[in-house]
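S.K.: Sequence:
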Amino acid sequence: MKNYGTLIKKIRQEKGLSQKDIYDGIMTRQTYYLIETNVSMPSFDKFLMILEKLCISVEEFLELLDSEAYPTINHFYHQLSQAVFKKDQKVLDSIIEKSQQLYTTTNNKKFFHLNLITQAMTYATNETSESDALKASKNLMFPIKQYLIGIDKWYLYELKLLNNSLYCFELSEAIALGTLVGKKIDTLSNIEQYQEIKLRIYLNLSSLCLNYQNYEKTLFFSALAKENAQTDYRLFEMIIANLNYEIAQAAIKKQLMDSQISHYLTILESLGYQSTVKEYKRFLKNNTIC
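Residues in the sequence shown are numbered from 1 upward in steps of one, following the UniProt record's numbering.
Simulated from the structure, these hints should not be mistaken for lab results.
Honestly, I wouldn't trust all of these hints.
Computed spacing ranges between beta-carbons, pair by pair [as the list claims (entries may be wrong)]:
1. T179 x K135: 21 to 29 Å
2. T106 x Q146: 19 to 27 Å
3. E97 x Y233: 35 to 43 Å
Straight-line C-alpha distance at most 27 Å; calculated DSSO-like pairs for lysine-lysine [claimed, not checked]:
4. K135 x K87
5. K53 x K9
6. K98 x K9
7. K90 x K46
8. K86 x K110
9. K145 x K160
10. K10 x K53
11. K90 x K110
12. K53 x K87
13. K90 x K109
14. K153 x K87
15. K10 x K46
16. K109 x K183
17. K183 x K145
C-beta atoms are modelled at their ideal positions from N, C-alpha and C, and glycine is treated no differently.
Turn these sequences into a full structure, and let the hints guide you.
M.R.: Right, dumping it as structure tokens:
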């Protein structure tokens, strides 16, 4: 990594930190000086300790070091979500082309996975028939499914990959992969990022199952989402998890919309989630739960 030390020094100075603030407890002043002057490279564990004291992630550091050589995958996924929402085929084509170039250059699987997911999303946003889109997505998602199943322990990347690709799988495949989360997650899963993405997976799975009218699995995943949302005190996620759970209960018992469902919809509306409320009301009407 060219000029890595110069960047470390720049970030340190911009944060108003002294050299001692960084090297203390990690290495000697002389060793750290050699790092900041690009003379020597720190070992990986020391590098992580330095970044921790600088309050910056590895991904963010690499992006600052060379945004062309190390583009953040989060940036691409943000572009992808916006493009899917706006049905912007030009941006989708751009991500497909760029991710293919990066995979060819770096041989990094994350760009290969991004390319597959973007292609699948392209089918979903085009005027392709639902059956054709599902068939194409299934073929595209096969390498991702094989990748996830073939790994003994999932780390943060694997959890994010599953969450970003959930809607490209058939429901049965999404459910099967979702049930592996608790079994394959790493032992360091108590850190906040792990908990957050795990919550998103359970919440998205509960919504996916609800859309497919698989109410038993909706109950299962919404219960897991409720548990995780309560632990992390996440209001919006807790409301959605409870709402999905109550709707599934009403559908299974063939009941009309009760006061609990109305209560959660009212809270969402008061918080400004009108479009979300509109989608739920459409679902309730189409499934005669109103």
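S.K.: Next pair to validate is K10 with K46; report whether the Cα-Cα distance is within 27 Å.
M.R.: Judged against 27 Å, a Cα distance of about 18 Å means the pair holds.
S.K.: Falls inside 35 to 43 Å, the C-beta gap from E97 to Y233?
M.R.: holds, 42 Å
S.K.: With respect to the beta-carbon atoms only, verify the hint that T179 and K135 lie 21 to 29 Å apart.
M.R.: holds, 24 Å
S.K.: Hey, K10 versus K53, does the alpha-carbon distance stay inside 27 Å?
M.R.: The given pair, whose Cα atoms are some 14 Å apart, holds under the 27 Å limit.
S.K.: Taking 27 Å as the top limit, are the C-alpha atoms of K109 and K183 close enough?
M.R.: With a Cα-Cα distance of about 23 Å, the restraint between K109 and K183 holds, given a limit of 27 Å.
S.K.: For the hint 19 to 27 Å, verify it against the beta carbon of T106 and that of Q146.
M.R.: holds, 21 Å
S.K.: So if I understand the rule, the pair passes when the alpha-carbon distance is 27 Å or less; does K86 with K110 pass?
M.R.: The hint holds at about 24 Å.
S.K.: Holds or violated: K145 with K160, Cα cutoff 27 Å?
M.R.: holds, 13 Å
S.K.: Are K90 and K110 close enough, with their CA atoms no more than 27 Å apart?
M.R.: Measuring from Cα to Cα gives roughly 22 Å; hence the hint holds.
S.K.: For the pair supplied as a hint, K183 and K145, is the alpha-carbon distance within the 27 Å limit?
M.R.: Distance ~16 Å between K183 and K145 Cα, so the pair holds.
S.K.: Mind checking the alpha carbons of K53 and K87 for me, to see if they're no more than 27 Å apart?
M.R.: violated, 41 Å
S.K.: Holds or violated: K98 with K9, Cα cutoff 27 Å?
M.R.: Roughly 31 Å between the alpha carbons, so the hint for K98 and K9 is violated.
Against the hints set out earlier in the document, violations occur for numbers 6, 7, 12, 14.
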